[in-house]
Amino acid sequence: MHVDVVVDGALTVVAVVLLAGIVAGLWRAVAGPTTADRLTAFVLLGTTGTALLLVLAAAADLPPLRDTALTVVALATVVVLVLRSRDRRGDR
Amino acid sequence: MSGGVGVVVDVVVVALLAVGTLFVVVGTVGVLRLPDLATRLHAVAKADNLGLGLIVAALVLRAVTGDEGGGVAAKLVLVWLLALLATAANGHLLARRDRATDADDERRDGSDASEEVAP
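Residue numbers (full-length UniProt numbering), protein chains in the order written: chain A, 1 to 92; chain B, 1 to 119.
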């Protein structure tokens with residue numbers, strides 16, 4: 001078990017800041033204005049969400065959250081690939 | 001953690017976390033504030049991944065000096081490499097799509113798209 005109060009406190013602060021970043025990124029996803037803008041926000045949310053999950057895994061001693069982060073990054077590409085394949089079919 | 005080395009490690013971990021978080025915040029502000037898609041992609045692709053890399057570096061350092069060991073460190077590095085791959089692929093695809101859409105719009109407007117945008 002980690003008992004470093006300073007590092008754990010820093011991890012908690014980082015988690016709160018990243019959570020605020022996710023809320024801000026969600027605003028961009030809602031605001032758009034184009035589908036590409038929303039997807040850019042989605043890419044941002046993927047990166048920030050991954051960082052948040054990793055930090056929470058360390059701060060709360062929850063190793064499964066690291067696997068969740070791994071899954072999130074592994075799936076991050078899929079949405080954009082789906083958009084591209086839709087474009088290829090011609091109904092942009 | 002005890003002794004002088006532990007304190008130095010803690011300081012480095014906190015510093016890496018702080019700088020990494022700063023970069024993520026800058027990337028988020030960039031996506032919120034920059035005027036068009038290309039510049040927003042720029043913020044996502046660079047600032048955000050650097051921030052994630054620094055945070056991962058801090059967590060790796062914490063893992064290898066703590067009781068979590070190399071397996072956790074390897075998983076963290078794998079997450080970062082996958083994030084780099086995903087952002088590079090996404091940024092490229094979105095930027096190329098944006099450029100193609102711009103060219104379509106300009107053709108519809110009757111202007112010559114090839115002057116500004118290579119096909």
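Since the hints were made in silico from the structure, they are not lab data. Since this is a predicted model, take the numbers as computed values, not measurements. Wrong hints could be hidden among the right ones.
[What the hints assert, rightly or not] Sample of chain A residues at the chain B side, in silico, Cβ under 8 Å:
{"hint": "1", "residue": "Gly25"}
{"hint": "2", "residue": "Leu26"}
{"hint": "3", "residue": "Val30"}
{"hint": "4", "residue": "Arg38"}
{"hint": "5", "residue": "Thr48"}
{"hint": "6", "residue": "Gly49"}
{"hint": "7", "residue": "Val82"}
We put the beta carbon where it would ideally sit given N, CA and C, even for glycine.
Now the hints, each set against the structure:
no.	hint	result
1	Gly25	holds, 6 Å
2	Leu26	violated, 11 Å
3	Val30	violated, 12 Å
4	Arg38	violated, 10 Å
5	Thr48	holds, 6 Å
6	Gly49	violated, 10 Å
7	Val82	violated, 11 Å
Taken one by one, the earlier hints fail for this structure at numbers 2, 3, 4, 6 and 7, listed in ascending order.
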